[in-house]
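Student: Each chain is listed here by its residues.
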Amino acid sequence: MSDFLEFFTRFLPDLMKGAGITLLLTAEGLSAGFVLGLLSAYARVYGSKFWRGLAVGYIELFRGTPLLVQLFIIYYGLPGLGITLSRELSAFLALGFNSGAYQAEYLRGSILAIGDGQMMAGRAIGMSRFQAIWHIILPQALRLAIPAWSNEPVSLLKSTAVVFLIAVPDLMAKAKSIAAQTYDPIGSYLAVAIVYLAIVYLLDAVLRWLERASRIPGFEMEGKKA
Amino acid sequence: MTNPILETRNLTKIYGQNIIFKNINLKVNEGETIVIIGPSGTGKSTLLRCINLLTPHDGGQVFLDGTEITAKGHDEDKVRQQIGMVFQNFLLFNHLTALDNVMIGLTKVKKLPREQAKTKAMEELNRVGLVDRADHYPGQLSGGQLQRVAIARALAMDPRVMLFDEPTSALDPELIGEVLGVMEKLAHDRMTMLVVTHEMGFAREVADRIVFMEKGSIVEEGSPDDLFYHPQHDRTREFLWKITELYGKKEKDRTSGT
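Quick mapping for you: the protein sequence lines, in order, are chains A and B. Per our numbering, the very first residue in the first sequence carries number 1; after that it's consecutive. Per our numbering, the very first residue in the second sequence carries number 1; after that it's consecutive.
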């Protein structure tokens with residue numbers, strides 16, 4: 001046990017560097033995914049037939065194929081079409097598009113849960129459709145989405161591990177190189193698992209805080225069930 | 001003869017094969033309170049929604065202050081700013097306090113500065129007697145309070161006419177009175193109102209004219225006295241008799257406190 005502790009502290013700075021990249025990729029992917037997801041959810045609920053079809057196509061494509069395949073197509077496949085992207089950009093795009101497809105579904109569900117009545121009430125005081133969506137529907141839908149959506153940052157964080165396969169120096173890549181360097185794969189992967197676990201724990205705390213901070217008295221999932 | 005604020009000419013609504021209402025001709029003059037009564041499923045609510053263009057109509061015209069608002073290319077959002085609407089199920093914005101519910105139309109639609117909007121919103125909350133609930137969220141208010149906030153929200157836009165779609169039907173009996181009280185006060189202040197309701201007491205006391213609708217048409221209209229005491233049609237008599245008996249009983253229950 002003390003051996004492992006010593007091992008862990010020795011490589012912690014190195015692991016932290018990798019963790020920084022992992023966190024950065026998660027944040028970038030989550031943000032890009034949020035924008036894409038919101039647009040896709042908007043298109044699916046309110047869009048014309050064309051935009052609805054486009055959104056459905058995108059969501060099905062990225063939810064229906066493994067992230068790793070998406071990453072490889074972007075990094076190894078696109079150069080065949082004359083588009084060569086850096087490792088980091090490829091990782092960012094794959095994670096963003098993938099996460100966007102999932103986030104679209106969370107957001108779509110909560111937009112639908114808000115219902116037509118709120119839209120009608122908004123229109124009744126002279127709001128345009130867009131104003132009603134922006135000022136009335138989305139503020140409620142986003143809050144409603146938080147509990148289910150909270151899975152996505154955690155899930156995405158863990159998914160970022162695949163980027164080590166295109167040699168982005170993330171947390172997983174660090175573990176791999178430490179394992180090769182020390183001939184101690186068990187210690188190395190155990191150490192990296194602990195770091196992932198710690199990050200997820202912190203992330204969960206942030207998400208719980210977000211859920212509490214955005215809470216509206218008398219308006220929550222529990223209330224909806226009644 | 002004054003020009004009506006609101007007028008429908010041959011307004012018609014059809015869902016597929018179903019005629020919801022047909023050739024409705026209605027005139028609402030400035031300061032008048034008109035109550036529409038009739039059995040459920042007669043198209044009364046749909047009529048109100050067609051009047052403020054929330055539901056597309058299938059024929060006829062609607063005029064507001066002499067301008068045809070059903071004309072092609074007419075700005076719907078502008079029209080709805082001038083027609084207040086109160087819904088059966090309140091439909092307050094659940095993420096906003098009572099004050100913000102009343103303010104949001106002023107700040108986002110009328111683009112008033114915040115302070116000015118707040119002053120106006122507080123005035124409207126005062127009018128419905130809810131200044132002390134300004135900071136409460138809808139989830140913290142009773143049904144009667146929700147509906148009064150909804151009335152204040154509509155009034156804040158300074159509408160030419162207010163539409164009420166069964167405003168007390170979703171309320172517990174003991175909460176109906178506070179909402180009807182607010183509406184009665186509005187009628188006394190000569191707000192122009194078009195009210196769909198089953199509250200016969202309100203219709204008799206407050207309405208300038210009562211319109212009896214059945215199966216998508218206006219059967220009869222006239223002053224409360226005419227309709228209640230000298231109805232021209234048997235159906236009107238039958239309906240009023242039935243509903244007065246039913247609601248009269250409820251009113252008695254209410255006063256005896258059960």
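In short, the hints are calculated from the structure, not lab data. Incorrect hints may have been included.
Just the calculated beta-carbon pair ranges, DEER-fashion [stated by the list, open to error]: (1) A:109 to B:41: 42 to 50 Å; (2) A:20 to B:72: 31 to 39 Å; (3) A:204 to B:215: 33 to 41 Å; (4) B:114 to A:112: 28 to 36 Å; (5) A:109 to B:169: 25 to 33 Å; (6) A:112 to B:229: 47 to 55 Å; (7) A:165 to B:16: 51 to 59 Å; (8) B:65 to A:206: 52 to 60 Å; (9) A:60 to B:14: 50 to 58 Å; (10) B:189 to A:27: 54 to 62 Å; (11) B:230 to A:217: 49 to 57 Å; (12) A:56 to B:3: 45 to 53 Å; (13) B:17 to A:217: 45 to 53 Å; (14) A:76 to B:14: 41 to 49 Å.
Because the structure is a prediction, the values reported are computed rather than measured. Cβ coordinates follow ideal geometry from the N, Cα and C atoms, glycine included.
Student: Look at the Cβ atoms of residue 17 of chain B and residue 217 of chain A and judge whether their distance stays inside 45 to 53 Å.
Tutor: holds, 46 Å
Student: Given the range 45 to 53 Å, decide if the beta-carbon distance of residue 56 of chain A to residue 3 of chain B lies inside it.
Tutor: holds, 51 Å
Student: CB of residue 20 of chain A to CB of residue 72 of chain B, is that within 31 to 39 Å?
Tutor: violated, 59 Å
Student: Quick one: are residue 204 of chain A and residue 215 of chain B within 33 to 41 Å, going by C-beta?
Tutor: About 59 Å separates the Cβ atoms of residue 204 of chain A and residue 215 of chain B, which means 33 to 41 Å is violated.
Student: Given the hint of 52 to 60 Å, is the C-beta distance from residue 65 of chain B to residue 206 of chain A inside that range or not?
Tutor: Check passed, 54 Å falls within 52 to 60 Å.
Student: Given the hint of 49 to 57 Å, is the C-beta distance from residue 230 of chain B to residue 217 of chain A inside that range or not?
Tutor: holds, 52 Å
Student: Note whether the CB distance of residue 109 of chain A and residue 41 of chain B lies within 42 to 50 Å or breaks it.
Tutor: At roughly 32 Å between Cβ atoms, residue 41 of chain B and residue 109 of chain A fall outside 42 to 50 Å, so the hint is violated.
Student: Does the Cβ pair residue 76 of chain A, residue 14 of chain B satisfy 41 to 49 Å?
Tutor: violated, 59 Å
Student: Given the hint of 25 to 33 Å, is the C-beta distance from residue 109 of chain A to residue 169 of chain B inside that range or not?
Tutor: The hint (25 to 33 Å, Cβ to Cβ) holds, given that residue 109 of chain A and residue 169 of chain B are roughly 30 Å apart.
Student: Per the hint of 50 to 58 Å, is the separation of the Cβ atoms of residue 60 of chain A and residue 14 of chain B within bounds?
Tutor: violated, 37 Å
Student: Could you check the hint for me, namely that residue 189 of chain B and residue 27 of chain A are 54 to 62 Å apart, CB to CB?
Tutor: With a Cβ separation near 56 Å, residue 189 of chain B and residue 27 of chain A satisfy 54 to 62 Å, so the hint holds.
Student: Within 28 to 36 Å: is that where the Cβ-Cβ distance between residue 114 of chain B and residue 112 of chain A falls?
Tutor: holds, 32 Å
Violated hints, in rising order: 1, 2, 3, 9, 14; the structure is consistent with all others.
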